[in-house]
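Engineer: These protein sequence lines are chains A and B, in that order. Counting in this note's numbering, the first sequence tops out at residue 552, every number present. Counting in this note's numbering, the second sequence tops out at residue 552, every number present.
Any given hint could be a false lead.
Which copy is meant is left open, because identical chains are indistinguishable; a pair holds if it fits in one copy or across any two.
[Unchecked claim] When the alpha-carbon atoms are kept at most 16 Å apart in a straight line, the in silico EDC-like pairs for lysine to aspartate or glutamate are as follows:
| hint | residue 1 | residue 2 |
| --- | --- | --- |
| 1 | Lys182 | Glu106 |
| 2 | Lys221 | Glu231 |
| 3 | Lys217 | Glu316 |
| 4 | Lys455 | Glu141 |
| 5 | Lys451 | Glu141 |
| 6 | Lys324 | Asp131 |
| 7 | Lys210 | Asp334 |
| 8 | Lys324 | Glu137 |
| 9 | Lys459 | Glu281 |
| 10 | Lys259 | Asp294 |
| 11 | Lys372 | Asp447 |
| 12 | Lys157 | Glu106 |
| 13 | Lys451 | Asp334 |
| 14 | Lys182 | Asp369 |
| 15 | Lys246 | Asp314 |
Rather than coming from a laboratory, the hints here were simulated on the basis of the structure.
Number of protein chains: 2
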Amino acid sequence: MQENFQQTLEQIFELIEEKKYALVRTELLQCNEADIGEILEEVDEELGAEKAVILFRLLPKDISAVVFSYISSDCQRDIVNGITVKEVQNVMEEMSFDDMIDVLEELPANVVDKILMRTDKETRKLINQFLNYPESSAGSLMTIDYIGLKKEMTVGKALSYIKVHGMDQETVYTCYVMDSQRHLEGIVSLRTLVVSDDEEEIEDLMHEDFISVNVMDDREDVAQLFQKYDYLALPVVDKENRLVGIITFDDIMDVIEEENTEDFERMAGVFDDSDKDYFNLSVGQHIKNRLPWLLLMSVSLMITGAILTRFEALLSQVISLVSYLPLLMGTGGNSGSQAATLIIRGMTVGDVELKDAGKVLWKEIRISFIIGLVLSALNFAKILFLDGQPVLIALTVCSALLSVVMFAKVLGGMLPMAAKKLGIDPALMATPLISSITDMVSALLYFILASLILGL
Amino acid sequence: MQENFQQTLEQIFELIEEKKYALVRTELLQCNEADIGEILEEVDEELGAEKAVILFRLLPKDISAVVFSYISSDCQRDIVNGITVKEVQNVMEEMSFDDMIDVLEELPANVVDKILMRTDKETRKLINQFLNYPESSAGSLMTIDYIGLKKEMTVGKALSYIKVHGMDQETVYTCYVMDSQRHLEGIVSLRTLVVSDDEEEIEDLMHEDFISVNVMDDREDVAQLFQKYDYLALPVVDKENRLVGIITFDDIMDVIEEENTEDFERMAGVFDDSDKDYFNLSVGQHIKNRLPWLLLMSVSLMITGAILTRFEALLSQVISLVSYLPLLMGTGGNSGSQAATLIIRGMTVGDVELKDAGKVLWKEIRISFIIGLVLSALNFAKILFLDGQPVLIALTVCSALLSVVMFAKVLGGMLPMAAKKLGIDPALMATPLISSITDMVSALLYFILASLILGL
Numbered sequence: 097m098q099e100n101f102q103q104t105l106e107q108i109f110e111l112i113e114e115k116k117y118a119l120v121r122t123e124l125l126q127c128n129e130a131d132i133g134e135i136l137e138e139v140d141e142e143l144g145a146e147k148a149v150i151l152f153r154l155l156p157k158d159i160s161a162v163v164f165s166y167i168s169s170d171c172q173r174d175i176v177n178g179i180t181v182k183e184v185q186n187v188m189e190e191m192s193f194d195d196m197i198d199v200l201e202e203l204p205a206n207v208v209d210k211i212l213m214r215t216d217k218e219t220r221k222l223i224n225q226f227l228n229y230p231e232s233s234a235g236s237l238m239t240i241d242y243i244g245l246k247k248e249m250t251v252g253k254a255l256s257y258i259k260v261h262g263m264d265q266e267t268v269y270t271c272y273v274m275d276s277q278r279h280l281e282g283i284v285s286l287r288t289l290v291v292s293d294d295e296e297e298i299e300d301l302m303h304e305d306f307i308s309v310n311v312m313d314d315r316e317d318v319a320q321l322f323q324k325y326d327y328l329a330l331p332v333v334d335k336e337n338r339l340v341g342i343i344t345f346d347d348i349m350d351v352i353e354e355e356n357t358e359d360f361e362r363m364a365g366v367f368d369d370s371d372k373d374y375f376n377l378s379v380g381q382h383i384k385n386r387l388p389w390l391l392l393m394s395v396s397l398m399i400t401g402a403i404l405t406r407f408e409a410l411l412s413q414v415i416s417l418v419s420y421l422p423l424l425m426g427t428g429g430n431s432g433s434q435a436a437t438l439i440i441r442g443m444t445v446g447d448v449e450l451k452d453a454g455k456v457l458w459k460e461i462r463i464s465f466i467i468g469l470v471l472s473a474l475n476f477a478k479i480l481f482l483d484g485q486p487v488l489i490a491l492t493v494c495s496a497l498l499s500v501v502m503f504a505k506v507l508g509g510m511l512p513m514a515a516k517k518l519g520i521d522p523a524l525m526a527t528p529l530i531s532s533i534t535d536m537v538s539a540l541l542y543f544i545l546a547s548l549i550l551g552l
Numbered sequence: 097m098q099e100n101f102q103q104t105l106e107q108i109f110e111l112i113e114e115k116k117y118a119l120v121r122t123e124l125l126q127c128n129e130a131d132i133g134e135i136l137e138e139v140d141e142e143l144g145a146e147k148a149v150i151l152f153r154l155l156p157k158d159i160s161a162v163v164f165s166y167i168s169s170d171c172q173r174d175i176v177n178g179i180t181v182k183e184v185q186n187v188m189e190e191m192s193f194d195d196m197i198d199v200l201e202e203l204p205a206n207v208v209d210k211i212l213m214r215t216d217k218e219t220r221k222l223i224n225q226f227l228n229y230p231e232s233s234a235g236s237l238m239t240i241d242y243i244g245l246k247k248e249m250t251v252g253k254a255l256s257y258i259k260v261h262g263m264d265q266e267t268v269y270t271c272y273v274m275d276s277q278r279h280l281e282g283i284v285s286l287r288t289l290v291v292s293d294d295e296e297e298i299e300d301l302m303h304e305d306f307i308s309v310n311v312m313d314d315r316e317d318v319a320q321l322f323q324k325y326d327y328l329a330l331p332v333v334d335k336e337n338r339l340v341g342i343i344t345f346d347d348i349m350d351v352i353e354e355e356n357t358e359d360f361e362r363m364a365g366v367f368d369d370s371d372k373d374y375f376n377l378s379v380g381q382h383i384k385n386r387l388p389w390l391l392l393m394s395v396s397l398m399i400t401g402a403i404l405t406r407f408e409a410l411l412s413q414v415i416s417l418v419s420y421l422p423l424l425m426g427t428g429g430n431s432g433s434q435a436a437t438l439i440i441r442g443m444t445v446g447d448v449e450l451k452d453a454g455k456v457l458w459k460e461i462r463i464s465f466i467i468g469l470v471l472s473a474l475n476f477a478k479i480l481f482l483d484g485q486p487v488l489i490a491l492t493v494c495s496a497l498l499s500v501v502m503f504a505k506v507l508g509g510m511l512p513m514a515a516k517k518l519g520i521d522p523a524l525m526a527t528p529l530i531s532s533i534t535d536m537v538s539a540l541l542y543f544i545l546a547s548l549i550l551g552l
């Protein structure tokens, strides 16, 4: 199937080169909208925005709207810059409401203004309201295209209503029952309607113990509700419990992907607040996203350096101590990241909660003690027999190794939980920070133990 | 809402303590099945398996089956051990087919045998077939509870069929049109049926250019199809294009979560093939998951140590060189992980492809050159003015720093792509490995530059 797609792509590139646009159109119309979107992005990237605009104009209005909602914001901008405001307007009108809002959020302000000028007052007000929801809120994920029913309706009447209005909605599979003031009273699935008799009343079929979210709820919390309850859609209400819109599972899949990406990046010390992909970020933006954390970490690495300087006298007496520093620091960092990653991820998916801190502590102490012992024993033998160092050196290195592994794992387990308690994103407590701290502590511990054991 | 849940939980714990089980039942039945599952898990964990079994027995048969599919496999095992095989059998019969298979996969073989003995031959054969699909395959995610239609049917007839059979199926929102040999000919959504006239024929309404997956396809690829096309369900066919089952989006949400967790863990050098959560893994299993990678990394850290030993003579001449080692190694590791994480994630979500290797290389060279310059300039000033070191030492450290940052970022960008090319999981090329390699290279580069610049 993917191979077929590659073939189609190559064929379309050839046809564009030969300027056989009628054939390009025929080819395109045989593809799924998501695939047309991908083709459009490839054309935009490889052959330039002009060709992408030509391709886009080949599409029928209804298809072009769906395709437009699939492509990246950069590609959207290229298209918008190449077509007239009237054409943009046409595309917008065919799009579902939530996709339209997503597009408007990414477009330059002057284009948005031009589009808004051409819409009627009512729509303009609604669009402005939606554009004002914070990006991290449930409101920013909503659509207003849903089926609203009244509880006095019979199943037959509800189905006739859906028959007329069903095609324009984001989903018809969950319907929302409201009173005359739009207060949400219940939800009923299309499945229930279809298996029930025409004379039954909605009131007797609807679920009244539904779950809803507030427009200002955090979208990450909304995603967790979807994952827990396996819903297709969730209703969004305002403070007065009036239905404002719905969120569907497909938008949530995107949220989950974005949130995971953010966690991966933060755990590696990359701070990108743009949702842009690797290639769409300029060199300057990449530097802006990466340099601050490296600078911060280099301060802590300087402190570790200062600790080494402080023990220069000791080091110059037993220079061979230096060669075990990488082992201590590296193993400390790696041990700490393992624990930190497991706890950060555990908290994200809900397996680990703040009240479990004691259990985490006790578990990490036992794990790290055994891992530390195994690593120390192996290294003791290696230092003694392979490196030919005196017993006291081996003892110094290995007691430091055991302490460092235990310290690192306990720190790795506790720091993300402490962060969450303080309202800081636990993902910040990952490898770079943990290994910087364990570097410092390794150096200190090592030299203190060396002074004691070697009597220097 | 979450607060309400906490309250309910506490209340139920109190009622259990007072042995007021009739009231516990009333409380439970007011909750959603997913919430009852969470309560059951809490009881199992805090009050022991016996109490969990009592709670489970309080539930009506149909609800207990749904709840059973929500709880963790450990909790499932506790329940199964506490109830009779006949009771297990009853629960299984009420469960949807794919949930039942999931449960059977986790149960001990003797219990599975007892259950299979009590089912009819047909079902037993089907269950055995499903149990044999590899865990990573599309087959293992399938359910057989779907609506199958014939293309000669009218919409009215199809809707009557759904009216009778709709409640027992996993989903009714996508229906599957097959010929008499079960070859999949098309799909039609319930939405289309509901908005169409009763006399229309399925043949004229169904989509024939549907996307299907094969039973043996990798579940990660299936998840990507769901994310790309926003489907509710996908049909699964065998080699002869006969419909074997369907996969629904809720199972895919679980796959996405598991795959992300696996990536997070692998990127930190934790190898867990069990899908168990942090607390359900014993101390021994945690050690088994973490120790191998730490051992492997300690070998490379020993090599770095050996490099330091090799340059001991140089070091004892200019002992102050030692204090800049942490800065070089740490910054190298952090720079490399940033690039590696961005590329690994980019490949997972499909933003970065193997053919982009040249573009990644060129981008990372520019980014790392500027970041390296900034870091070097700042450190040059610090070493000269704050530490009071000679210019040549500052020059040595800073030229090493620039080279290390550039090397680390290019390595971080290229290594995951090379891994993918070779069929190795790119997630293995993350922090621990990258920082081990940059540690070695930092040490080597540093001392070679020192020998050259300081003329030692």
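Engineer: Any hints this thing doesn't respect? Which numbers, in order?
Structural biologist: Violated hints: 1, 2, 3, 7, 9, 12, 13, 14 and 15; rest satisfied.
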